[in-house]
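*Asks:* Sequence:
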Amino acid sequence: IKNAPARGVAIGGASIVVDTVTVDNADGDALGANTDGFDISSDGPVTVQNSKVHGQDDCLAINRGSDITFTGNTCTGPTHGISIGSITSSTTVSNVIISKNTVTGAVNGLRIKTDAVATSSTVNGVTYTGNVLTGITKYGVLIDQSYPSTLGTPGTGVVIEKVVFSGTNTIAVGSSAYRLEINCGSTTSCPG
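The opening residue of the sequence shown carries number 750 in the working numbering; numbering runs sequentially from there.
A couple of the hints might just be wrong.
[As the list claims (entries may be wrong)] Computed list of lysine-lysine pairs in BS3-like fashion (alpha-carbon distance at most 30 Å, straight line): (1) 801 x 849; (2) 801 x 887; (3) 911 x 751; (4) 751 x 801; (5) 801 x 911.
If you are wondering where the hints come from, they were derived from the structure by calculation, not from laboratory data.
Sequences are here, hints too, so could you generate the full structure?
*Replies:* Next up, the structure:
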């Protein structure tokens, strides 16, 4: 997929394996917006593997769903990285594996973002393992409950739990970037 005007691939309501797909929006680096590589809103199983994304928005955006695996992929350009969210009201994301991906030159590396005003939602069971992030310009890992602000006043209506970083995840950020930022509304909404 070359120079998509918006998201490259949207997956909803299907069990599917996506293998060796390239989403190349490099020509839009100056002006591109909403050029997510993969948007997933599906109760899986869904696997995206061995694929490449160059874009200006999320390399991956999981908006809702379960049993989702994103593995062995490459994300380049000024993307917003590998994201869960933004999570809105009455939404569940569960059983997600983000493994063995490479993210280079992105604004964010790994991110969970929930709407500040969202209610009755959960993000449960997310595992990050074997990912390599280099040249990240703002946030290596960002868990933020204040979307659409970044690190603003967080809400408490989305419970984020069982987020695990296992094995080795390499996170290299630029000199003015942050390796890790967590912005949760309460210990109840972010128990760990």
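*Asks:* Would you mind marking each hint as holding or not holding in the structure?
*Replies:* A quick look at each hint next to the structure:
1. Distance check on the hinted pair: residue 801 and residue 849 sit about 13 Å apart at the alpha-carbon level, within 30 Å; holds.
2. For the suggested pair residue 801 and residue 887, the alpha carbons sit about 21 Å apart, so the restraint of at most 30 Å is met.
3. Only pairs whose Cα atoms come within 30 Å are accepted, and residue 911 paired with residue 751 is rejected, the gap being roughly 36 Å.
4. Among the hinted pairs, residue 751 with residue 801 is consistent with the structure: their alpha-carbon atoms are about 12 Å apart, no more than 30 Å.
5. Of the supplied pair hints, the one linking residue 801 and residue 911 holds, its CA atoms being roughly 28 Å apart against a limit of 30 Å.
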